[in-house]
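Read top to bottom, the protein sequences are chains D and Z.
Numbered per the working numbering, the first sequence spans residues 1 to 208.
Numbered per the working numbering, the second sequence spans residues 1001 to 1562.
FYI, nobody ran anything at the bench for these hints, they're computed from the structure.
Keep in mind that the hints are not guaranteed to be accurate.
Quick list of the computed label-pair ranges, beta carbon to beta carbon [stated by the list, open to error]:
id	chain 1	residue 1	chain 2	residue 2	range
1	D	PRO190	Z	ALA1404	43 to 51 Å
2	Z	ASP1174	D	PRO96	32 to 40 Å
3	Z	ARG1065	D	PRO148	44 to 52 Å
4	D	ASP30	Z	GLU1192	45 to 53 Å
5	Z	PRO1318	D	SER95	31 to 39 Å
6	D	GLY80	Z	ARG1480	38 to 46 Å
7	Z	ALA1290	D	GLN169	48 to 56 Å
8	D	GLY80	Z	THR1256	28 to 36 Å
9	D	ASP30	Z	ARG1165	33 to 41 Å
10	Z	ARG1065	D	ALA139	46 to 54 Å
Ideal Cβ positions, reconstructed from N, Cα and C, are used throughout, including at glycine.
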Amino acid sequence: MTIERRDFLSGAALLALALGIPVAAVRLSDIADDDMPSPRQRLLARAVSQIVIPRTATPGAGEVGVGDFLILALAHGLDGSREPAASGATPTGESPPLRRDGSLDHLVWLERALDRRSGGDFLGIAPPARAQMLAALDAEAYPPGPPPADPSPWQTIKGLILTGYYTSQTGAAQELRYELVPGRFDNDIPLTPGARAWSSDWTAVEFG
Amino acid sequence: MEHQFDAIVVGSGITGGWAAKELTEAGLTVLMIERGRKIEHQVDYATETKAPWEMPFRGLGDAARYAREFAVQRKNRHFTEFTEGHFVNDRDNPYETGADTDFTWFRSYQLGGRSLTWGRQCYRWSDYDFGANKRDGHGTDWPIRYADLAQWYDKVEDFVGVSGRAEGLAQLPDGHFQPPMALNCVEQAVRETISTQWPERCLTVGRTANLTEAKETEGRSQCQYRSICARGCSYGAYFSTQSSTLPAATKTGRLTVVTDAQVAKMDYDAATRRVTGVRWIETETGARKAATARLVFLNAGAFNSVHLMLNSASAAMPGGLANSSGVLGTHIMDHANTLSAIADFPQFSGHTSFGNRPTGIVIPRFRNLDTLDGNGFTRGYSYQGGALQSGWTRGKRMAGTGAAFKDELQHVGAWRMVLVTFAESLPRATNRLTLGKRTDPRGVPQIEIAFAHGAEERAALVDAKEQAAAMLTAAGGVVRMGMDRPGPGGSAIHEMGGARMGWDPKTSVLNRFSQSHDVANLFVTDGAQMSSSACQNPSLTYMALTARACDYAVAQMKLGYI
């Protein structure tokens, strides 16, 4: 299904209104026509983000607009997502969904992978089953032992969901703690059990 | 002839700022020319206080645009959406590489140059370094020794503000330090193990140009432990042209600054054997401008200073200005560096830290000091790095989804220690800069870089990997991985050489005062002047050499020789 960019943008605003997504969180107008998601892909990105990081004491990733961030990030190649595709091959042998520039269209890949697992319509099945299905996909993407030589595209997608969440105000400053100006360095203090980590520890963020 | 200025300084980075300060404070009128845009201290640090959620791409930046416009710069670890404005646009500022050369040239074309984005590590060189070429025969003998530079190190450290700990090491002389920043618990434990098991080795906190005590008379506050230095620091807590040398030079009333001005050529008068001034292109308008001066200091950054000399060839000097020796452009260097070890330290899980210390640790050179004990290499290497607790980004490598996954990422991860090696780069004639085949968008001939690390550097990295693993293991670490192959040339961002100092005008470009052998009123005091690379971060030595050269040049002017 193809839709016009103009239709999409107005549709996106309506959809955002319906879902309570803050439209301003991400500028979808920064996405080229070729990379515009379908409304279903947009729902899927939101739902998958929410499964990875659900609501606990703080809101989940889908609720704070990470689905749209994921779409933007994939369109702009963050975390190497528009490098020439190494894989994306599917168990059924169908060819991976490539963009014109030779990169994998991660969103289409995700849509196909989840629909196949759910026998047709991932978004149509019950939420607990969706979470189980995604957990199974995740477990396959992170096998025990050394990292796979040809990592699953899911690693990139999940990584960008985490980026979207922990750099959102909710993720960075409510779920974790954020302090731009620590003002001092305490070199060795006891780690209080349950203490929330600092999203503003840039070295930790950089080196993981 | 009537000159418009007493001196012209080309470049406004770490050494250009120093040249402007020293020359204006000595009473000279100075024109400082910067090819990039003006950046005003505090006013123009546009992203300094932004949170990730306030940035369009959450701090990671638009990777697609970076691939087009910052194809090289994006590989720099300090290059982010917050700092991209402090790095050069590669598409507009191309360079060429020779066959088989992989060279990532990290550049900052702006007022302040790389002083805004540098790693701030400040280490003195020792006579192991200044005597290295003479000892093993690589390169040409340095015409100076530590004693020539010691007082200038004192001077620049006092003004820069270097925090660090005195350790009494012959290979890494102590300086005039502000109080050191503290080691964290893992680093402290590794320090103690190393000093017990390897008494000749030392782990100490990085000596860094971040203030631990305010310099109030200069309007500089102490470090706030943000560790976002490359965005620009309104506290003035780290040394940059903007925070330090530019205010000092401006205060004299004798400094003129021109920005957005790419110097294309120096003018040379064969009759007097002097440079008479420089010509530049206004990058905004394309207009051609020129100015004259009695004295010219090149501080454009090692490769760009050499580039300018090559582009200033004339009928009298067809091989490039001040190149009667023919060695201009040769013997360029950059430290061979790699990630030598990562080790886990699970036993410290009850400890943490608060605040972002803007420096790591250093383990100074211990090979090939009084005894040649390197296996396949005659020079040194040292480690930098540190211990850290992993954060939420570890989730990208972990299996997991859902509430339990989210809860786990809410807490800090395990302690790890990282050691990165910087190995000395031998000066080789085949590693060199020449003029390329094409011109840049402003019509100036491009530079071509030919560079490769050699067998000695590779042997040093092999040893460094083994020794890193041995030290971290002895301290209770579990080594996860390590590498022994160098990254591409330029990775260390310590590119230097090309206009080396030496005793003999036939085999070197500059004399012991950073002055051209051929052209008495031309001084090159950035990284281009280096005859060897040592394994320390070189900026402090460039600063000391610049201050010393300025003092000499002013004295020569007063005597009427310049």
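Here is how each hint holds up against the structure:
1. D:PRO190 / Z:ALA1404: 43 to 51 Å: 25 Å, violated
2. Z:ASP1174 / D:PRO96: 32 to 40 Å: 59 Å, violated
3. Z:ARG1065 / D:PRO148: 44 to 52 Å: 30 Å, violated
4. D:ASP30 / Z:GLU1192: 45 to 53 Å: 52 Å, holds
5. Z:PRO1318 / D:SER95: 31 to 39 Å: 59 Å, violated
6. D:GLY80 / Z:ARG1480: 38 to 46 Å: Once the Cβ atoms are compared, 22 Å apart, the range 38 to 46 Å for Z:ARG1480 and D:GLY80 is violated.
7. Z:ALA1290 / D:GLN169: 48 to 56 Å: With Cβ atoms ~52 Å apart, the hint holds.
8. D:GLY80 / Z:THR1256: 28 to 36 Å: Given about 46 Å between the Cβ atoms, the range is violated.
9. D:ASP30 / Z:ARG1165: 33 to 41 Å: 48 Å, violated
10. Z:ARG1065 / D:ALA139: 46 to 54 Å: 35 Å, violated
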